[in-house]
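Chain by chain, the residues run as shown.
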Amino acid sequence: MEPWINAGVALGKLLILANIVLINVAYLVYWERKLSAWAQSRVGPNRVGPAGLLQPFADVLKLVLKEDIVPTQAYKPIHTLAPFLALFVAFTSFAVIPIGPDITIADSAWQAIFGDSFSFAIIPSINPGILYILALTSIGVYAITMSGWSSGSKYSLLGGVRSSAQMISYEISMGFSIAGVVLLAQSLSPQAIIESQSGWMWNIFVQPIGFITFVTAAFAETNRLPFDLPEAEPELVGGYHTEYSSMKFGSFFLAEYANMTTASALIVLLYLGGWQVPYIEKLGLSETLTVIIQVAAFFLKVAALLFFFIWVRWSIPRFRYDQLMSIGWKVMFPLALINLVWVAVIAMIFN
Amino acid sequence: MTLEQVLFGFFALVAVVSAVMMITGKNPVVSALFLVLNFGALSGTYVLLRAQFIAVVQIIVYAGAIMVLFLFVLMLLRPDREQSYFKDKPQMKLLAIIVGVLMLAQIAYAVLSTTTGKVAEEASRIETGTIENIGRELYTTYLLPFEAIAFVLLTATLGALVLSKKKLD
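As they're listed, the protein sequences go chains F and G. Okay, so the first sequence: first residue is 1 according to our numbering, each after it adds one. Okay, so the second sequence: first residue is 1001 according to our numbering, each after it adds one.
What the hints contain is simulated information worked out from the structure, not anything from laboratory work. None of these values were measured; they are calculated from a predicted model. Some hints could be false.
One side only, chain F facing chain G, incomplete, derived with CB under 8 Å [said to hold, decoys possible]:
{"id": "1", "residue": "Pro128"}
{"id": "2", "residue": "Tyr142"}
{"id": "3", "residue": "Trp149"}
{"id": "4", "residue": "Ala165"}
{"id": "5", "residue": "Leu188"}
{"id": "6", "residue": "Ser189"}
Every residue, glycine too, gets a C-beta built ideally from N, C-alpha and C.
Next up, chain F with everything else stripped away, as it sits in the complex (with noise of 0.2 Å):
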């Protein structure tokens, strides 16, 4: 296959899946506003187009529309680069999670485009796929410790402080809790781990412990409640985004919706056996049907899990930040280390 070809394919998916991101984002933020409309026993926004779902794209609208002001005290460039760390990382993790199985193309004139077999994932043959997105989850504290310390406020360092330190403390229950996965796939490739949980061995069931753990992790490392506490409103106004107005504090707002979608997407792949339905194949489904089948059970775990951030957020109050610690430190990060013997003392009895 022609390296300018292969560029051109990686190309259009990765417009593809950014504009699925994309939209998908704005409609977060109404069902998010919708839920706890529904959660108070409020209606919620309704006046913008019918039930209100033009909402999204009048609230973009006013962002970008508003005055764009950097405080004096502010260090201009990493003021700046901030939102746009903060949204490089939100998008560019999906690179690696593949929305669905791999395609044998037996059509000679789809083979001069796409090879011998077509992978939904933008960039498919990263072998340490998990790694990846690892790595980029650990960059993303950048964006909110650079916009904390360069906003030159009090509020917005102390959000970065905390942030910088419930980062690194849930990365660690999160890194062992993909080792227990990476263990039972025994691979690192996310296609791997995904077909590693066929039939309905999923890893929610093999390992609730580690599912548990990583969930925790994942909302601490998204910034959601009940461990919002870097942003915090009743105590540090808006956190690491005080200083921040019109588009420059909407690319923060774009890029948490962002990383609760890959968030729930990464849950997906490494616990709810990503693009699998349980026993599809017995069905005896035409091949394509089975993968539109697959693609559509991804993104509908997807919007359970979505669902699930946004209920939670709703219905738990925000941890103490010393509670927060001796969570992460004295329960997930234990939690995890025992999961990671269960699943060991599970692939010594099974291999």
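Model the placement of chain G on the given structure of chain F, informed by the hints.
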């Protein structure tokens, strides 16, 4: 020029420029961020050497954990005295120059005495840097040094624990 050479040129340029900016910068936080950029560029060159695992671990460990802790401290401190450090202690300047010359000699020796033949041959195989190979080598050929490093790390962890405990009491 092949694509690989172009990419190497790019990563090398970013690495060198960010390293120089890190040393010359006045603001410690900005210096630390340039060091992170340097780590990123280095990880790019590791990928070109087929050491994918090392490349990713470089980002996770150095950029993602160690430098975040550095930044954590730098952000809370306001090191204004930093500029006058060499004025206070002129003898430290001499020491810094000696250490710098020694490091340069070390690097020059390493660069001049290495023959590229074996490295190039090893690096041309794509499976050299995968996690499977590194794991196998670590737990067979290099088992003893690996365990020794583990003990050194454990000692360091215990040391940090003891030191911070003493302050609390």
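Notebook entry, point to check: Checked against the structure, which of the hints given earlier come out wrong?
Noted result: The structure breaks only hint 6.
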